[in-house]
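Here the protein sequences come in this chain order: A, B and C. Mapping of the first sequence onto the working numbering: residues 1 to 187, in sequence order. Mapping of the second sequence onto the working numbering: residues 1001 to 1388, in sequence order. Mapping of the third sequence onto the working numbering: residues 2001 to 2204, in sequence order.
Just so you know, the hints here were simulated from the structure itself, not pulled from any lab data. Treat each hint with caution, since some may be false.
What the hints assert, rightly or not - Across the chosen pairs, the derived CB separations fall in these ranges: (1) A/G18 with B/H1312: 24 to 32 angstroms; (2) B/I1188 with C/N2031: 42 to 50 angstroms; (3) C/K2154 with B/E1159: 53 to 61 angstroms; (4) C/P2157 with B/A1019: 41 to 49 angstroms; (5) A/T128 with B/K1225: 32 to 40 angstroms; (6) A/P5 with B/I1003: 42 to 50 angstroms; (7) C/Q2119 with B/M1001: 18 to 26 angstroms; (8) A/H162 with B/F1278: 29 to 37 angstroms; (9) B/E1025 with A/K11: 24 to 32 angstroms; (10) B/M1300 with A/E27: 24 to 32 angstroms.
Remember, predicted model here, so these are calculated numbers, not experimental data. Just so you know, even glycine gets a beta-carbon here, dropped at the ideal spot from N, CA and C.
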Amino acid sequence: MPLTPERVEQKLRERFPGLAFERQVGEAVRDYTLIVPADSLVEICTFLRDDAELDFGMLPWMGGADYLPRVPRFETIYNLLSLSNALRFTLKVRIGDEQPRVPSVVGVWPTANWHERETYDFYGIEFTGHPDLTRILLPDEWQGWPLRKDSPLGYEEVAFTHNTPNRILPSPALKKLAPKKVKYRAQ
Amino acid sequence: MTINMGPQHPSTHGVLRVALELDGETIVACKPIIGYLHTGMEKQAEYKTYTQSIPQTDRMDYISPMSNNLAFCLAAEKILGVEPPARVQAIRVLLAELTRISSHAVWMGTHAIDIGALTVFWYTFREREKVLSIYDHVAGARMTSSYFRVGGLSRDIPEGFLDRCEKFVDEMPAHIDEYESLLTKNPIWIARTQGVALLSAKDAVAWGVTGPSLRGSGVNYDIRKAEPYSGYDTYQFDVPVGRDGDAYSRYVVRCAEMRESVKIAKQAIQRIRELGEFGPYRVRDFKYVLPPKEEVKTSMEALIHHFKIVAHGFFPPVGEAYSAVEAPKGELGFYMVSDGSPRPWRMKVRSPSFINLQALPLMVQGRMIADVIAAIGSIDIVLGEVDR
Amino acid sequence: MADTRDPKPFRTLASIPAPRELVMPKSEEENLYEEVERGVLFTKVESMVGWAMNQARANAIWPLGFGLACCAIEMMAIAGPRFDVSRFGAEVFRGSPRQADLMIVAGRVSIKMAPVVRQLYEQMPDPKWVIAMGACSSCGGVFNNYAILQGVDKIVPVDVYVPGCPPRPEALLHGIMKLQEKILLSRPELGPIPRRRLKKKGVA
Chain A
1 MPLTPERVEQ KLRERFPGLA FERQVGEAVR DYTLIVPADS LVEICTFLRD
51 DAELDFGMLP WMGGADYLPR VPRFETIYNL LSLSNALRFT LKVRIGDEQP
101 RVPSVVGVWP TANWHERETY DFYGIEFTGH PDLTRILLPD EWQGWPLRKD
151 SPLGYEEVAF THNTPNRILP SPALKKLAPK KVKYRAQ
Chain B
1001 MTINMGPQHP STHGVLRVAL ELDGETIVAC KPIIGYLHTG MEKQAEYKTY
1051 TQSIPQTDRM DYISPMSNNL AFCLAAEKIL GVEPPARVQA IRVLLAELTR
1101 ISSHAVWMGT HAIDIGALTV FWYTFREREK VLSIYDHVAG ARMTSSYFRV
1151 GGLSRDIPEG FLDRCEKFVD EMPAHIDEYE SLLTKNPIWI ARTQGVALLS
1201 AKDAVAWGVT GPSLRGSGVN YDIRKAEPYS GYDTYQFDVP VGRDGDAYSR
1251 YVVRCAEMRE SVKIAKQAIQ RIRELGEFGP YRVRDFKYVL PPKEEVKTSM
1301 EALIHHFKIV AHGFFPPVGE AYSAVEAPKG ELGFYMVSDG SPRPWRMKVR
1351 SPSFINLQAL PLMVQGRMIA DVIAAIGSID IVLGEVDR
Chain C
2001 MADTRDPKPF RTLASIPAPR ELVMPKSEEE NLYEEVERGV LFTKVESMVG
2051 WAMNQARANA IWPLGFGLAC CAIEMMAIAG PRFDVSRFGA EVFRGSPRQA
2101 DLMIVAGRVS IKMAPVVRQL YEQMPDPKWV IAMGACSSCG GVFNNYAILQ
2151 GVDKIVPVDV YVPGCPPRPE ALLHGIMKLQ EKILLSRPEL GPIPRRRLKK
2201 KGVA
């Protein structure tokens, strides 16, 4: 019998009876997603990886998201893949606003290292227990967290002659290089 | 001694910087430093409608634009719950496989240059130009095609397109033989790649490596077989798997993959011919997809739909989806969250190069400095995709 | 018996005698004038030097092998078999900025990369030129956001802007030819333009 996501959820509930698991439901939630408490994330992930039947040996990606007006505001998403069952399973952790903190899963899957650094870089979510939590894509001296919803896009106004009156015009010496205007005569 | 390689270095395939700690010529520690091409695409996608985001995806992995378009469109279609007609899927498969051939050709040329074999570059770029002319014919642009749309294609395939593809596909196996005759038994090539940049199957899985790099380590995992999309389950093809997990077996896997792509492309051409060389190229679901131009000129409702979609964009249901394709470099996926507005609330890209590059220190630890070049080349990274 | 064979069976063009009536005896003076007209040019010393330098610079541009993003692949394509940039003498892509005299900024420049680009430009020896290839390096292109510098001309002076996203290789070749025209119009015999004159013109 092939492994189903329902079976994974059932096994998790059996293994961790005291924890509050919540399945995400919605009109167009297309993947089987389970919201798990942040404190026991590492134990859950270790169980999912080491259980012989489940065998979620790969973490294809993890990332963050910001749902600003909502409380709790942040989410981290973990997409797990079981190669032997060809099954994907998604875990989510919801985190509050001030000083968002999640335990790091680098010890479970080493590939989470750069993903967590990227999430830290974009959202400022701290991963406790991460070996080297520094900025990865943005410069080290960057201020702020660009992908948070309250951070602006950083749009720069395009300079036209009508909105920049003091624009430096090209020097007359360069006019020699400009293509010559051709006058077309009516037939 | 610590030595800095890049960000301007001819063989780092872009603006990758690698900080190497050396003992003589042996590498003690290696740390890739990325972000020199960070473009903020994930943020910008939140400010653009779904259709406006498609051109951004071309510029992510600019060697295989069609695969990126395909991954984006599949993720959006998954949220919408629409499935394009079989003819459209066959055209997508054909173009995605041509993309794979061209991407592997570019990889082979540049990788060979890095290792010191300049000649291969002239051969592989010749075939790449042919694929780009095919793109030019079908989409109007050489590299940044933006041809696929959510729910179909931007326009129908032009006249003579299939013949052109067929001609290319027919002569491609002979060209692959040519490349192989230059490299496969070349003693310098073997000395530079065999036993270099080793990655065991266990490490590859733990570090999330996908694509030819994973299959080169002996793990038989291909999304086209495991989670088929666009009707890949109805095509006959094999998944080549390497044995040793070194740079040479990745090369062997990619060569074999090009031959498999030729096989798939032939079947796709056959299928498009059966389903009609010209025909509908979009879903008839005008809530999300533009109606055909002829109907816009004759039917009032179609005109209203056209206006609404062009002016506002379409309004998907609230939800989220992750969808992945087997891009030439590995698993390329888009995770999209929709809040019901015409712009995605969050778009996350699972880019294969970013994750494959992370395994670079593993491959070069305790090796010679010249092996770093071979290792970077063999995992086939594109910095546009690493930094996004 | 005498040998009747032709002593010179293979005649060169010079060995064929011209028709008798066209052969005119030439004085030594006439020969000298002819020689001078063929191979010697009269000009002022300083403009001669400038002309020769311009010719040399324009027809042997050494670009810096420095790719950033998508445009870099099209830049590689001009060195490839179909578009062969060596027809214009610019095929010697240099790995080190100290040996290059043209920087093709091929792709988007991020805020993190901008200091590096500036440093590379400063490492190049004078005279040096810059081509901004593509929409991103010319004005930011489609990426108008927090991460991308809106035009490389904010950090280095640009000589030629090549439009396109990415430009076709033909467009880049056209840009290189425009740069050659610009180099041929320059006046290297005057030396570098003094800074105070530039300030008076409001350029620097």
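Going down the list of hints, with the structure as the test:
no.: 1; hint: A/G18 with B/H1312: 24 to 32 angstroms; verdict: violated, 48 angstroms
no.: 2; hint: B/I1188 with C/N2031: 42 to 50 angstroms; verdict: violated, 59 angstroms
no.: 3; hint: C/K2154 with B/E1159: 53 to 61 angstroms; verdict: violated, 46 angstroms
no.: 4; hint: C/P2157 with B/A1019: 41 to 49 angstroms; verdict: violated, 31 angstroms
no.: 5; hint: A/T128 with B/K1225: 32 to 40 angstroms; verdict: holds, 39 angstroms
no.: 6; hint: A/P5 with B/I1003: 42 to 50 angstroms; verdict: holds, 48 angstroms
no.: 7; hint: C/Q2119 with B/M1001: 18 to 26 angstroms; verdict: holds, 22 angstroms
no.: 8; hint: A/H162 with B/F1278: 29 to 37 angstroms; verdict: violated, 47 angstroms
no.: 9; hint: B/E1025 with A/K11: 24 to 32 angstroms; verdict: violated, 51 angstroms
no.: 10; hint: B/M1300 with A/E27: 24 to 32 angstroms; verdict: holds, 30 angstroms
The structure fails hints 1, 2, 3, 4, 8, 9 (numbered hints given earlier, in ascending order).
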